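**Student:** Given next are the chains, with one letter for each unit.
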Amino acid sequence: MSESISAAPAPEVAATGLPVGPATATGPRKRNDFLYYGLRNKKLVFGLSLELVLVLVAVIGPMLAKYPPMEITPFPLQHPGSKFWLGTDLTGYDLYSQLTSGLRTSYLVGALGAGCAALVGMALGFIAGWRGGLLDELLQLLTNIIVMIPSLVLLVVIGGYLSSKSILFEGVFIGLTTWPWVARAVRAQTFSLRSREYVDLARLSGKRPVWIVVREIAPNMASYLFLVVILLFGSSMLLAASYDFLGLGPSNTASLGWTLNQAQQSAALNYHLWWWFIPPGAVLTLMVFALLIANVGLDEVFNPKLREQ
Amino acid sequence: MSVSVENLSVAYRSHRGDVTAVDNVSFAIADGEIMGLAGESGSGKSTIGNALVYLDPRMKTLGGKVTVDGKDLPISNNNAMRSRRMTEVSLVPQYAMSALTPTRKIGRMINDLLRSHRVKDRDQVLAELKRRLELIGLKDDVLGKYSFELSGGMRQRVTIIMSSLLNPSLLVADEVTSALDVSTQRAVGEMLLEFRDRGYIKSAIAITHDLSILAQIADSIAIMYAGRLAERAPTSVIVDNPLHPYTQALLASLPAVGVRHDQVTLTGIPGRPPSLVNPPSGCRFRERCPFAFAKCTQTPPFSEISPGHTVACWKVSDEHAAAGAGQGLSVKEQA
Amino acid sequence: MRRYLTRKIFTYLLAFFVGVTIDWGIPHLMPGDPIQGLVSRFNVGSSAAYSALYTQFAKSFGLDVPLWQQYLNFWKGVLTGDMGGSIYAPGATVTSLIFSALPYTLALLVPSILLSYVLGNRLGAAAARRKYLDNSVLPFGYLLQAMPYPWLALVIAYLFGPVWHLFPIAYGYDQGLVPHFDWAFISSLLYHWFLPFLTVFLVSLGGWAIGMRNLVIYELENDSSRYLRALGASERVVRGYAYRNASLPQLSGLALALGVVIGGNIVTEIVFNYPGLGNLIFKAISNQDFFLLQGIFIFVVFGVLIANFIIDLVFIAVDPRTRLSMQGAAA
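Chains as they are written, first to last, in the working numbering: chain V, 1 to 309; chain X, 310 to 644; chain C, 645 to 975.
One should not assume that every hint holds.
[To be verified] To give an idea of the chain C side of the interface with chain V (calculated C-beta under 7 Å), a few residues:
| no. | residue |
| --- | --- |
| 1 | M791 |
| 2 | I929 |
| 3 | F941 |
Note that these hints are calculated values from the structure, not bench results.
Computed from a prediction, not measured in an experiment: that's the story for all the values here.
The beta-carbon is built from N, C-alpha and C at its ideal position, and this holds for glycine as well.
My request is simple: use the sequences and hints to build the entire structure.
**Tutor:** Structure below.
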């Protein structure tokens, strides 16, 4: 089994089987090539546009809300209408406000999680791939172990004891449970790239390792890394939603998972309060969906073998 | 004639338009002949060899005709070609090292292929397979092994056996010696010769950039440059009397065994082959050719200088025409 | 092969060790005092009584000994299966609670994983060769993958329950029945089982289909596929070989995806109030029952390791390279 293919990025969005290694890590490509194919790739364009729209909603949406998300209005159980665009829930929260603020929270946590995972994963992956030997063995062991422990359960155990629950914590902890995916990918790429001719050439000409890493290896790895981080972004958002749904997330900020949690606890299902629980999840689905589609498109742009002629 | 290729052109699609990788190439191979096809990377030799057996879906033919044993070979029609592959024309690919699937035993693969071709008396074929394996020094337990259990040389030989199992009229061997050490190269070269001598394959095209191998096993050699044929002649003629400037430069750049650097410096051919996206008009070698003159801006025809020796070069054909005229004159004068 | 197995077993043992240590360590590293939380429930007035109650609880939960001894005691508990008593359900041991919830979770996990894996693979492979199928399967699969587990569970529960009145949406079986080995009870079990199963099945399905599709496409462009075509093999044969080659990395992907499915399972159980381990976790969190939480964590980790091991064995049976590990060459 080629270890490279098993480096399927991101847990929540299961194995997409991205072919890693020699297939994708080709030599430095022309920029215009990417741009040309990128703009013509329907999936990439669709995904990015959809995502952009949602980001806009996250940025502007809360500004248009009449009430702050966590303020109890005197109008509970309102159907969606002109007064409350998405209605209100049992307690009287403005659901439109909650949704848009929740969007912001999701993006924040997603970015934090992906960013944290990327940082840790890249650092460790580079070191392991570059040095090899014992360091590499240790890292592999570590990643194998962390990957095996279910993320949500681990988060639950950690979060269950936390007294302060903030977005920062949530994002960072999600990052700390998902970095192995990045590390694996980075390590695999570093390994395969480190023995390439142009690296040897740089070494022979006496360049320092850092220079080699930054100028020769990183650009080639960038495309694959980008793909992995995008997937991680999506999976962080999903993980956060489940985490918030369990009631472990911050309760003073609106989040999509928390809204779902409230809906479920208040038996919104039985009371047919569909506007409470359908929009938050639907929006989150769209956010992740757009990312995934854009990701597929991006993969096709970077990897000519997948392009349909 | 066993194989005849007439005015074949093959192009591949790119976002910059169609790139003609093989431009108007014609040659013929007789029964029992091994033709070497040599040239640099990008000369089109691999493209044309592979196109004769399996035209990559990204490629298309722009014209030309291929005949094998008198019958038309529809290389651009994938469905029609399927039954011809392995039986009439066969390929030993450049990627032979990774051509054998890692999850099936060799014997099973061969069986599946035979069944795909609806071969009757499979047992007979399998018995013949074992005989051939023995012939080249492989034990028939190879059939029960997986590809990763074999060494590079063994894999190469197994692919050749597989590809030639159904006695094709034409075997295209693409860089079969490139990945091997010298002694295995020799063994594989001898294997091709043996197979031809025993009639397992009728004729073959050996594609390589290594002229020295061709000198050993090929009956005739065709030199390709930038998608076109430059010269074609029997091996001894190419080696002793190359006429095309490119061929001459190629042979001159080969290091001779035993000669040291301080005695003779290696010479290369300055410059690089032209891009095929926008090839220059006329002779494609003229920008690197030491003999180029004004006429070279027109495409030189592939003309026969002596029986079996064709060259596409204005200098050569003009000199030949002049010599012919001169001879005619002297004969006339003598008379 | 032996080397492969020994390595794997070593990793599992180490993972278990790390898991237990994390499980023990986290509560002690976290701010917050479980005993304090427990004692504060009793609303004791005087501080003397409070400290007395505190010491009593600390003793009964084994927290009055030095840290390293607590660690060893914890290990002892893990290995003997005695994880202590539950706070949320006083009187019941953690182990008994876990074991009574386990069958429900397994009933959800095992069929949904197996079914989604097999069907997803077939779907993905089919999509890899038929364009029109690909154009519908791909977005559908990604959409499924993008759905947050809690949301899909809620939507399914809503549609099949309050809207269409087809299935019940709470509990493991009809609360009016007494657990009994008769058809009424079993049918009730199945009736209640179906929707949570459907949820877990659907989300996983998308991922497998997409993964397989990508792998099969990759394999179909492979050198070995090209060679088979060059030798005139029928496309059916080529596909069969591609499928076989693609199944291997898919299988490794299964081991990696387990963590995610378990997470989804937890959430689904909560939505449907299904009496499995997930629901138990939820109750443990809500009631601040740390011992129960710790016990479940160990159990889940253990289960995942066992599942990984089983997959490794299957892998050996299926992948000739692992089976016939060459001397010195990496698997």
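**Student:** Determine for every hint whether it applies to the structure shown.
**Tutor:** Each hint, compared with the structure:
1. M791: Check passed: Cβ of M791 of chain C comes within 5 Å of chain V, closer than 7 Å.
2. I929: It holds, given that the least Cβ distance between I929 of chain C and chain V is near 5 Å, below 7 Å.
3. F941: Nearest chain V Cβ about 5 Å off; hint holds.
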